[in-house]
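So the sequences go chain by chain: A and B.
Under this note's numbering, the final residue of the first sequence carries the number 116; numbering is consecutive throughout.
Under this note's numbering, the final residue of the second sequence carries the number 223; numbering is consecutive throughout.
I should point out that these hints are in silico values taken from the structure, not numbers from a laboratory.
Among the clues, some could well be false.
No more than 27 Å apart at the CA atoms, straight line, and that leaves these computed lysine-lysine pairs for DSSO-like [as the list claims (entries may be wrong)]: (1) A:Lys43 x B:Lys158; (2) A:Lys5 x B:Lys158; (3) A:Lys81 x B:Lys158.
As a plain string of letters, each chain reads:
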Amino acid sequence: QVQLKESGPGLVQPSETLSLTCTVSGFSLTSYNVHWVRQPPGKGLEWMGVMWSGGSTDYNSALKSRLSISRDTSKNQVFLKMNSLQSEDTTTYYCAREGTGDFDYWGQGVMVTVSS
Amino acid sequence: DIQMTQSPASLSASLEEIVTITCQASQDIGNWLAWYQQKPGKSPQLMIYGATSLADGVPSRFSGSRSGTQYSLRISRLQVEDIGIYYCLQAYSAPRTFGGGTKLELK
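Here chain A stands alone, though its shape is the one from the complex (with noise of 0.2 Å):
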């Protein structure tokens, strides 16, 4: 079945760089588009990029200096790399398969908090 499982440091220091990983299972990474979304403690959705399923990407414009989003098709994985973080970083990452334009299957969600 299809799956998505978010994997990743749960502290990171300030000014440091996150680096996430998305494994798939279930589905291709060259039929399905993989995004990443991200929610701060208490707050709303926000989309932050994409993993087109040819291989190039897309990325929210508020955060598209600090983040890179890439894929390794014969590990079914998506990493997500975003740099200079802050304390408006510390929120839960979510990777999540694009069906038919929506968002079919999440992954569970990892927390990461930016803390010295």
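Here the structure of chain A is known, so what remains is to put chain B in place on it, guided by the hints.
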């Protein structure tokens, strides 16, 4: 970027009551609109896709509609398990954008 204006931000309703949540798109997005329900500590769950299609396993008391660039999620008879936060998502173009969310509580 396409803006999604969701209302109300919070809503208190009684069991069996009809509930309606709306999202207004800043431009034409066709039927590229999805609704999600999120419960505390959980990932969002797809409820409606294509503006009006019910996702698998979602009770038939949920429905979605569209009038121009205004989209609505309707719960015909509110149940306890429907409590949570609801978000709309425009899937017409990148960047994807979510509505601000509606917190649905029991009165």
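Status of the hints after comparison with the structure:
This hinted pair checks out: Lys43 (chain A) and Lys158 (chain B) have alpha carbons roughly 13 Å apart, not beyond 27 Å. Of the supplied pair hints, the one linking Lys5 (chain A) and Lys158 (chain B) holds, its CA atoms being roughly 13 Å apart against a limit of 27 Å. For the hint pairing Lys81 (chain A) with Lys158 (chain B), the CA-to-CA distance comes to about 23 Å; that is within 27 Å, so the pair holds.
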